[in-house]
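J.: Taken in sequence, the protein lines are chains R and V.
Just so you know, we're using our numbering here: the first sequence kicks off at 1 and counts up by one.
Just so you know, we're using our numbering here: the second sequence kicks off at 1 and counts up by one.
Derived by calculation from the structure, the hints in this document are not laboratory data.
As the structure is a prediction and not an experimental result, all values here were calculated from the model.
Just so you know, not all the hints are guaranteed correct.
Capping the alpha-carbon separation at 30 Å, the derived lysine-lysine pairs in DSS-like fashion look like this [as the list claims (entries may be wrong)]: (1) V:K196 with V:K255; (2) R:K64 with V:K378; (3) V:K255 with R:K64; (4) V:K38 with V:K255; (5) V:K210 with V:K171; (6) V:K143 with V:K351.
So you can see what is in the structure, the chains are spelled out below.
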Amino acid sequence: MGGGAASQLVAQILNGLSFGMLLFLVSSGLTVIFGLMRVLSLVHGSLYLFGGYLAFTVQRATGKFHLALIVAVLGCSLLAWVIERLLHRQLYVGLQLNQVLLTMGLAFVIGDFVLWYWGGNPQTVTPPEILRGSLSLGFGIVYPRYRLLIIGIGLAIAALFHLVWDRTRLGAILRAGVDDAEMLRGLGVRIGIVFTAVFAGGGALAAFAGTLGGPFLGVYPGLDFEVILLSVVIVVVGGVGSLTGAFLGSIVIGLLDAFSKAYFPVFSYFAMFGPMILILAFKPTGLFGADRT
Amino acid sequence: MRSFIATALRSGIRSAVFTLFVAGLILVSGVAVAQEAKPFKIGVLAPLTGPQTQLGQNLVAGVRFFFQQRPAIAGRSVQLVVEDTVSQPGQGLSKARKLLDLDRVDIVMGIVNSAVLDAVQGMILGRRVPLIVTNAGSDGFTKGSVNRYAFRVSHTNSQNNLALGWYAYEKLGYRRAAVLTYDFIAGVEHAGGFKKTFTEMGGTITQEVKAPLGTSDFGPYISQIRTGEIDVLYVFLAGADAIRFMQQADSFGLKNRTKIIGPGFVADDLILAAQRDAAVGVVTAIQYVNTIDTPENREFTAAYRKATGQEANLYAEDAYTACEAVAKALEEVRGDTSDISRFVNALESVKFTSPRGPFRFDKNHQAVFTVYVARVTKIGTQYRNTIIDQIPDVGQDWSPASRPQPSRPQGR
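So here's chain R without its partners, still in its complex pose (with noise of 0.2 Å):
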């Protein structure tokens, strides 16, 4: 930005980043769920996109980011409970492909709902007057606050699910969970009460994604297939139900982006889909999928 190219390459090091950690926490919600469900659940984007709207409703209603962000959060892993007590519940005798299909369908449902309701127009959500503008980092590079703040929460987020994940016993009971479900259900646990908080749970972080997106990508009927599109690259780049693989596809897909954009804008689209297929040809597990068959 304006000085010379290391600094373009650090602020596009920054873009890739902020990018990617925004897509993290819709990835890793689908990628728990995915790998525990075994189901890839489309209607993850349609409640990233769901509760930007919230939001924007909410904050243009009370002027406030935070109780836009809360209402949001809730909202959407409420719809999310709903969704899985009183749809899913009913297919998990039978073909993945059915509720696979109940995904999409409900995809569809929530997005024409979003554009009857709130109509084609793009909307945004104002970030916090604290967090507008940009910060100086010094050798000519101008960061925008608010971009900074979202790789801190992508990166604390992470570093929570890392410790649930490796050190409690929530944890223990979702990684087993991804490894053999019926299993698991064998040892007593009670399997279904853990598919709806993990899809409640997933519901939550893509609306936190779709309220903290909003300042940045907006809200707008489309995005919800957008989102889902790249989380669907990330997950199988990553590996199905590993969370490590889903931090480290998002930062890779997050930078491919980038750079793509900046250094080869005519293979943008390419360098996001090309390691996808490199990836399935190679290793179809994913980079950190456990290996089943």
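Dock chain V against the given chain R, drawing on the hints supplied.
T.: Same frame as chain R, now just chain V:
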């Protein structure tokens, strides 16, 4: 005898009068029936779902608003058939076929997406049905050997930009510009217009950055712009992309390091409310902003607000002006469209003052209009495009040499 003759005569006269009366009734009712049976049918093609929904909705609102005010023209009632193109060429084509074959419309208007325009124009024009475009901007539609039935009330992609390139050099004093635009044809044509006149005047383009439609994160593009070596950044993006770009550019503090200009879509009246402070200070050039201070526009914006509950904008005004042109032509032929060629002749020579100002078609049926240069300002809690200058009589091949005389600002 005398009385018999008299009676016969009298009854003969009476029956003759009766016959005449009945004949008259039949004639009058027959004409009335003919008028009732043949409303003027207008097919409207617009995206009502999909990424360009917002634009399509405003287009249709403009059309409906016009005919709400004038339900009949030259004795003919007007019937609208609105079809959704979903911004997809395939959908547009099947909807155009429906309008022509099933509804048998007299004319087709609307179309936002250039790809849809390219797909449907051959079929519509091939049937000798007038097509009046109100938004899609692909330059080619009104360039070269143009179909007699093809009209465009809105801009060509390069039109506003030709004026802007000159204005940026001559009036705003910029000499070095970077360009950020879409990587597909609309982006090339928009930026092309700006680059043409800006460089012809003596300006330099230092850098050109291209982004795809629907880019979520503009950070990487913004970081690339070498603000140290430019006076101004020219941007062409529209809709959701323009909103995201402005906000992201604002958070990068881009406006502290350079100026931003572009065609009106970068900060049009429809998206300003979402861009808010991020767009303040941006200078754009466009054929319509809702702050034009003329009696025609004051009346239009007030009535439109009253009828729709929304502020007027470019997309509604383009549609409204298209309807006005059609109404004028229809009046000229006294509502008789049995010879469509006469209607087309009338349409190509319409001249009137629309909300945007003086309006006419050039010989290729492309609208010639005043280009308004506007700056985004915040007035109280409202964000507006405040007119700072205007360039009259801008056609699709406008050049600085064709400029009539210096202009005076007009606006509120």
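J.: Does K378 (chain V) lie within 30 Å of K64 (chain R) when you go C-alpha to C-alpha?
T.: At roughly 22 Å apart (the allowed maximum being 30 Å), K378 (chain V) and K64 (chain R) satisfy the hint.
J.: Next pair to validate is K196 (chain V) with K255 (chain V); report whether the Cα-Cα distance is within 30 Å.
T.: Holds, because 25 Å separates the two Cα atoms, which is no more than 30 Å.
J.: Is K255 (chain V) within 30 Å of K64 (chain R), Cα to Cα?
T.: holds (26 Å)
J.: Taking only the CA atoms, is the gap from K38 (chain V) to K255 (chain V) under or equal to 30 Å?
T.: violated (57 Å)
J.: Quickly compare the C-alpha distance for K143 (chain V) and K351 (chain V) to 30 Å and report which way the hint goes.
T.: holds (21 Å)
J.: CA of K210 (chain V) to CA of K171 (chain V), is that 30 Å or under?
T.: Roughly 27 Å separates the two Cα atoms, so the pair holds.
Hint 4 from the earlier list is the only one contradicted by this structure; the remaining hints agree with it.
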